[in-house]
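Novice: The chain contents come next:
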Amino acid sequence: MPLNNNQIFKVEHLSKSFKKLQVLKDISFTVGKAKVYTIIGPSGGGKSTFLRCLNLLETPTSGIITFEGQKVFGPVIKGKAIDLKGELTSGLDGNDSKSITPNAKYKVLLKEPELNKMREKVSMVFQNFNLFNNKTVIENVTTGLMALKHKTQDQADEIAMKLLKLVGVEEKKDDYPIKLSGGQKQRVAIARSLAINPDVILFDEPTSALDPEMVKGVLDVIKQLAKFGMTLVIVTHEMSFAKDVSDEVFFMDGGYIVEHGAPEDIFAHPTQERTKHFLEAVL
Amino acid sequence: MLAYSLDFGPVFQYTTRFMWGVLITLSFAVGTVFFGVILGFLISLMRLSRNKILVGISSFYISFLRGTPLLIQLYILAYGIPMLLGVNMSIYVSGLIALSLNSSAYVAEIFRSGIQAVDPGQIEGARSLGLSSSYTMRHIVFPQALKNILPAIGNELVTVVKESSVVSLIGINDITRIADIVKADTLKVFEALIYAAVLYYIITTVLSGLIHLGERKLGKYAAK
Chain A
1 MPLNNNQIFK
11 VEHLSKSFKK
21 LQVLKDISFT
31 VGKAKVYTII
41 GPSGGGKSTF
51 LRCLNLLETP
61 TSGIITFEGQ
71 KVFGPVIKGK
81 AIDLKGELTS
91 GLDGNDSKSI
101 TPNAKYKVLL
111 KEPELNKMRE
121 KVSMVFQNFN
131 LFNNKTVIEN
141 VTTGLMALKH
151 KTQDQADEIA
161 MKLLKLVGVE
171 EKKDDYPIKL
181 SGGQKQRVAI
191 ARSLAINPDV
201 ILFDEPTSAL
211 DPEMVKGVLD
221 VIKQLAKFGM
231 TLVIVTHEMS
241 FAKDVSDEVF
251 FMDGGYIVEH
261 GAPEDIFAHP
271 TQERTKHFLE
281 AVL
Chain B
1001 MLAYSLDFGP
1011 VFQYTTRFMW
1021 GVLITLSFAV
1031 GTVFFGVILG
1041 FLISLMRLSR
1051 NKILVGISSF
1061 YISFLRGTPL
1071 LIQLYILAYG
1081 IPMLLGVNMS
1091 IYVSGLIALS
1101 LNSSAYVAEI
1111 FRSGIQAVDP
1121 GQIEGARSLG
1131 LSSSYTMRHI
1141 VFPQALKNIL
1151 PAIGNELVTV
1161 VKESSVVSLI
1171 GINDITRIAD
1181 IVKADTLKVF
1191 EALIYAAVLY
1201 YIITTVLSGL
1211 IHLGERKLGK
1221 YAAK
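Protein chains in written order, with the numbering used here: chain A, 1 to 283; chain B, 1001 to 1224.
Errors might be hidden in some of the hints.
[Claimed, not checked] The calculated PhoX-like cross-link candidates involving lysine-lysine, where the alpha carbons are at most 25 angstroms apart (straight line), are:
id	chain 1	residue 1	chain 2	residue 2
1	B	K1052	A	K179
2	B	K1217	A	K173
3	B	K1147	A	K107
4	A	K80	A	K172
5	B	K1147	A	K172
6	B	K1052	A	K135
7	A	K107	A	K117
8	A	K172	B	K1217
9	B	K1217	A	K179
10	A	K135	B	K1217
11	A	K19	B	K1217
12	B	K1147	A	K78
13	B	K1052	A	K105
14	A	K111	B	K1052
It should be emphasised that the hints constitute simulated quantities derived from the structure, not laboratory data.
My request is simple: use the sequences and hints to build the entire structure.
Specialist: Printed below as a string of structure tokens:
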């Protein structure tokens, strides 16, 4: 496979089942550098699961994930990762990768330290924030800097303060998360993600748990990141935001990517019935 | 009118011996919880590990010690084991071992449930940044679990103060055994028992108060 330096993720024929319920079916998806992707669609369509498969918080059932040129998840036969030499990539759309390589087991191809290294480059912002409850706002941001980037306390504090200013919560630096509003928590979570200087940030419905008046502020922070040229993959229900910020929009339903394309195409001229119905319902 | 008039006079003459009993009871309780916490922590780590054998061993250990009477466990340790192995063990040692093993099973469950009660989102937040599982455990999960664990261990201490009275049955001079001796010496059965009960009650009340104080200091980041 030619190494493409501008390619952050390449996902091929990914599927994921929880017991008998298949939530992702044959997903292929490419994430390019400095681009913004949004994933829209009805709840239960597999959007969040897909996002969680990207940083391997969820282990997919089959398929291939390549991150910055390195295969991080894929088929293994007899304990060895196998190269399918394009078999999977040559126009087999609609086929589940399992049927192509029936003997292969699919595994995470990274050991724990490598997996951790990868996650430093793929950070995630959650719907429920998941800030460290036992740490103050500034400690939430400095933890990664000190534990992973080996900064001193002073260096880490300095970087953290810059980031907290950027997202607009610097005056809360010594509070514990329990004292913050949802919008403030999400800003801190974004600062925490930025601190480890990732190559891509995954946003899992970042505004779904917020009070309505908090939503715009958080979306503005995300837009700012897009302007800086950060690579972002965003699962969202905020349609006008998706329209504004995206380079490419994916519509997911029933575990499939039903349709994808430039935001002006998807929102103005959707080609699939399901996309039309969904957009009619939400817009 | 009562058919019997209480007379604490003769029993009070044994106050010094009762105080020694208090000391013995307290040292057994503290020693038990000390060893119980160390052992219980290790057992809970086994119980929470991904290794099926370790999970099996620790599950059986916990269920056996919780599913059989403490008195039987004490007798087995004090009389059975020395006979079986042909060793001489002081009754203090076998009493402490029996209480510690028993307590460790309860403490292991305290640790396990305290750790499992921490929101899984905390782990995901840490792992998604690239923090290792051991770092996440030590710096994120465990400090939060401690908030659930410490008060429960305080309660375990209170429980052990009471349960330690079984060691009187193998001849250790704790509060309960002193009460027995005083009963026989003075024939003031009722008074001796009431005296012992009051001593236990004072100890457990003071300990509960201290735990409550500690709990309030612990609540700084979780003022829910």
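Novice: Of the numbered hints stated previously, which ones are contradicted by the structure, given in increasing order?
Specialist: 1, 3, 4, 6, 11 and 12
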